[in-house]
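Letter by letter, the chains look like this.
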Amino acid sequence: MAEIRKIKVGTASCGLAAGAGAVLDFFRDHAGVEIEEVGCIGHCYAEPLVEVVTDAGSVFYRDVKGEQACLDNILALGETGRLEVSPSRRKYEMLKVTRLAGRICPTSFDAYVAEGGYGALKKALTMTAAEVVDEVKRSGLRGRGGGGFPTGMKWQFLAAKQAEKKILICNADEGDPGAFMDRSMMESVPHQVLEGMLIGAYATGADILFIYCRAEYPLAIKHIRIAIDQIREHGLDVVNGKKLDIIIKEGAGAFVCGEETALIASLEGRRGTPRFRPPFPTDRGWNDYPTSLNNVETFANIPLVIGEGGAAFAQVGTEKSKGTKLFALAGDLKYPGLIEVPMGTTIGEIVFEVGGADPDQVKAVQTGGPSGGCIPKELFDTPVDYDSLNALGAIMGSGGMIVIGTDRCMVETARYFLDFTHRESCGKCTFCRVGMMRMYETLERIVAGKGEMSDIDFLADLGPKIKKGSLCGLGQTAPNPVLATLRYYKNEYIEHVRDKRCAALVCNALVDVKLDPEKCVKCRLCIRNCAVGAISDDFVIDNAKCTRCNTCIDVCPKHAVARVEKGEGYYAE
Amino acid sequence: MSDKFAYLSSVERSRTYLIKGLQTVQAHDGYISDAAIEAIAAYFSVPPVDVEGVVSFYAQFKRTRPGKYKVAVCDGTACHIKGSISILEWVGTELGIKPGQTDRDGLFSLETVACLGCCSLAPVMSINGKVYGKLDRKGTVKILKEYRKNG
Amino acid sequence: MPNEIKFKIDGREFTAAPGETILEVATRNGISIPTLCHNQKISRTTSCFVCVVKDKRTGKFLPSCSACPANGQEVESSSDEVRDMRRTALNLLLSEHAGDCEAPCTVACPAHAQVEEYVRAGRRGDFKKSLKIIKERIPLPLSISRVCPRFCEKECRRNVYGKPVAINDFKRLAADLYYDEYMEDIPVENGRRIAVVGAGPAGLSAAYFLRRLGYRVKMFEKMPKAGGMLRYGIPEYRLPKAILDREIAHFFKMGIELECNRQLGLNLSLDVLKSEYDAVAVTIGCWKAGSMRCAGEELALQGIKFLERIAANDWTGNNPGKTIVVGGGNTAMDCLRTSVRLGSDDVTCFYRRSEEQMPAEKLEIHEAKEEGVKFEFLVAPVKLVRNDAGKLVLTCQRMELGEPDASGRRKPVPVPGSEFDVEADTVIAAIGQATDAPPGLAVNRFGDLDVCEHTYRMSDNVFAAGDCVTGAATVVEGVAGGRIIALGIDGFLSGREYRPEPVVNVSRGHWQSLRKEDLVFLRQDVSEADRVPQRLIPIAERTSTFHEVAATFTPEEVQSEGKRCIECSCTAKGDCKLRQHSQEYGADPEAYKGARLQQGYDNRHPVIIHDRMKCIKCGTCVKICAEVVNKNLLSQKYRGFATKVEGLFGRTLPDSCAECGACVEECPVGALDWRFKA
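Protein chains in written order, with this note's numbering: chain B, 1 to 573; chain Y, 574 to 724; chain U, 725 to 1402.
If we strip away everything but chain B, and leave its shape as in the complex, we get:
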């Protein structure tokens, strides 16, 4: 039997939420071998994940519990509970940016250096700043935060500025619900992000580096903070002969602050409202100093660009979208988690081959977060790159990808996204502030069965105007979920409005709940758990009282309770 060298426990947020903390404690107390905390390897569905490093290679265990039987199995390198990565996933994945994620201890400077970390920075310092910028330009790297602006160009603008101070900001305000690429990178390989920033500071001549991170990511903040202390210890924060100010700023809960001018306002201690550009931040940014903003994933790519050279980097990807892209897969699929694939991989390959979704159970995928658009299954052979997605009315966004199953209601899905975006509007632009509210109200009416056919035209008319009449990316994209679902699933809207019917049985106002006496075993769990007393002693659900809360459906051990079409349920009065 192979000798166990070390046991690595994934303790990124996803792992901890699944119970990795208890596993870690248990192993520390009982395993008797070196235990190392690592980040996330992307297989979040399998957390808590444990990697057993042996002299013959690594073995991964999934869904690990902190108990003796489990420990014994792992120490014996047992066959049960091993993580099997499907060959199809291996085929399409390309781990470049995430090569080290989940493999090394995120809080260890030495571990990063041992894997070649800060080699790219060293190499960059042997080049001129202009050469570094050129290399980034040559790589074709485009902003990974969603906009897709060429990173090298942005740096060139900043580098060309003569100013008392120049600012480089790492945008880690990953606000898209359903996206967690940036969190994962910061938690798992904080040094890789910092290395990218230091190279950026050298290339652009920046003096102050900000990392603007969501406050909801405490672990990411902690790891970045530790990493900053470590590079200071090692003197890596002195670039171009000057000591850089590296400052972590925690966001305070505002999606709009992912927008660059809003983020800058927030960094200045103001309300996070965007402003008209030009002037662009590279001309007038934080406190009027020239400023460049790049996203976490963009910075994490920089060591690769410099390390292997721009030309080599550009070998991967499509003509206009170079390199790999991280996606956070979530929703109705087998393997939710983080994946890295070359640009140009098709949506189908990602969803079915990597994510393991059942083609018969998938209706669409939502890309680009709440302000992206849905792409129906029929278009899943679309390659993932900035321009192809835009053409479909969706956006790349930062890389969230939510798989929507066949049993989901697209109108409700659109309503849900607008519920989020209309609340996150900063309130500055008329179209976004009022228009999004009006669209949201209209969708609320439709899912409540109170829509009129004119509402559908109203949505189709106002949506594009909001996009055209808003200053920032939020308003410019927020109507997308409605417009995209109207484009591909108009029939569902018409059904809700004209027939007062939700085929997916999702919209509460358009469904009843019914108990099937054939299946019922009269255990009374439903009756006992019903908060409104809607279920009679002879097991009949009164839909007049029922609030459609799903509790009875959830507690029934025999699946005897189900949602049915409106009118099929019983009404007492």
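All clues given are correct.
Below, in silico cross-link-like pairs of lysine-lysine (DSS-like), each with a Cα-Cα straight-line distance of 25 Å or less: (1) B:LYS334 x B:LYS65; (2) B:LYS243 x Y:LYS593; (3) B:LYS468 x U:LYS732; (4) U:LYS784 x B:LYS320; (5) U:LYS780 x B:LYS467; (6) Y:LYS703 x B:LYS222; (7) B:LYS334 x Y:LYS707; (8) B:LYS500 x U:LYS1317; (9) Y:LYS635 x U:LYS1368.
If you only want the chain U side, here are some residues facing chain Y, beta carbon under 7 Å, derived: (10) ASN1356; (11) SER1359; (12) GLN1360; (13) LYS1361; (14) TYR1362; (15) ARG1363; (16) LEU1372; (17) PHE1373.
What the hints contain is simulated information worked out from the structure, not anything from laboratory work.
A quick note: this is a predicted structure, and the numbers were derived from the prediction, not measured.
Virtual Cβ for every residue (Gly too), placed ideally from N, Cα, C.
Once you have looked at the hints, place chains Y and U on chain B.
Chains Y and U only, in chain B's frame:
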């Protein structure tokens, strides 16, 4: 500045750090009172009304005292699809409060959050920052009862 | 200039200096672009998006207040697409903007008299000013203040909690006090002559406004005296004819001529008038009585003819004996109450629908009952005969309410076998009135004169207004029509067709949908007192004489009513940029219906009102106070649709703001404004 907010001196005295200052106060007091707004305004030399505008803009800042246990039900996309509305309903019923409220004993307060970044474990909630994933009704209620028992 | 930028707006080339915005260049060259959040005194806001222009190359919409042109750029500022975007922005703003541009009383007044304004003048005891305001729209205040059904009061926001302000009584007192002495500025005659045919309310009003526009006016009246229905239809006890004479005397003072006993088609030729006058205003009213549509109806008196006869006899006549009046309108009430006054002690109204459906004014019905009039509802005449004893016998049928008809009212249907007879000395049919159109004038499908809806022009130089166009209506509606016809004729003769100005009126909603908390009180001292009751002459005097029933309010009574007025209209109605642009771009407050945020208002400051529900969140006040005044008293709070502008912790602005008011002056709408109206 009143002594009550003397701990603010750990924060750099520049407007750039205003949000940091607010976060420091909230971490200390659990919420941001009128007095805190005035103290922060004085500390950073920013008009108090301006500070109030900033506080009210960001969802993180609370203007009322929260419960001992801050329950945050995630209503991010993945969680929503996985039924976070039901989770919210169950939690609300168990605690007898609605999002944005604190219960009468000051033990629990409830809110929804956009995304806790644990989408693969959806649906999730967090209590004082500790995340609980793959929730069902039974599990959710059990977790809450556990906290209540501990008081 | 080497740095000059050349670009095009709507195809015209302009030159911009570096840093100059598209809006600045446009303004400099006389191209008007609407703005709301833009204000030169403060840093750029770029939020309202009302000023958008379209970049022709990229297809993007740019806020012209902030976008600087680029060399060779072409932008559109007046295309349909740009106008649509601007209109949409305005519609969206209107949908969250809650307030009353104009007071509901003013909106409700068919003549659009500035009701709130004359009530305010009355409250302050300035009845002369009150009268002046009234007469801008109502040339017959002595009459209208006595006979108007008070459209204004029905919409008064005081209905939300209690009774409406006694608005009409402001008119009455002001007119009673100052009508004789008040004289408008009358321009010298412009050499053009107008003939007005019919000197009733519409004709008098047309003559009045035409004269004020400089025309020489001559009225032709078929009856022996001017006044039309005011004289021959409305009973003396409601409008004493001595008062009407006073009212009409003023028209002669204005230089308006009158020739009586001239009837169109009889002894007056339209063709002659058309050729001798520059224009002809036909305001001949509705003098044809409606039919009872039952056998023997010729035995009944016609309501208006009955009244006309009594009027012509100076409100004297024989006791009609036992009287039945068939009909439920105001004319029926007039016939009933006149019959009482002529000595009958048995007067009954027969109406085929229910009491709630009666079109007569509630007050009229009430006063008729007080005077002993009996009412039979759901009764319809079937036949009228004279029996051998010389008495009239009216056969009637009971009715019940069925399905709603075209008017939305439940239609009365006969109850089979419910016929009954009733004896009477006099039966009066007050069923309605119709236009008796003279030959040669086109009529519409209702038999009324057919006019252009905007200009009231019929054909050639002939115009028409009043009852003969609308069908029988109220005096104030006739007066309103008289003004339009004057404007229509003026437009016609000066070569620019009259079109009413587009008016956008945002409303908080009908009072029935409001609670007291939804109302905004500019003054803290709006009186909580009950409405001043109407003083009437004793009932014995009412039933035996034609003396005027209701007394004029005293100045003290009117002033105390004035203190009950909430002053609903917007303080900024005259200079609100949102309203102006909305009118220009055809925006509609009803276009996007949805929730409005309940943000409350603050009237605690000595002179400033902060009505947040009117706020369009442009933040101009915040910036003015911060950047110009350096006081930092306001900020924007919350975000998105919930964005709200207010002071620290919602406190009222300090008293010292009274001396500055910079925010008030710059608010593009009426959210921050001076609390007291001029």
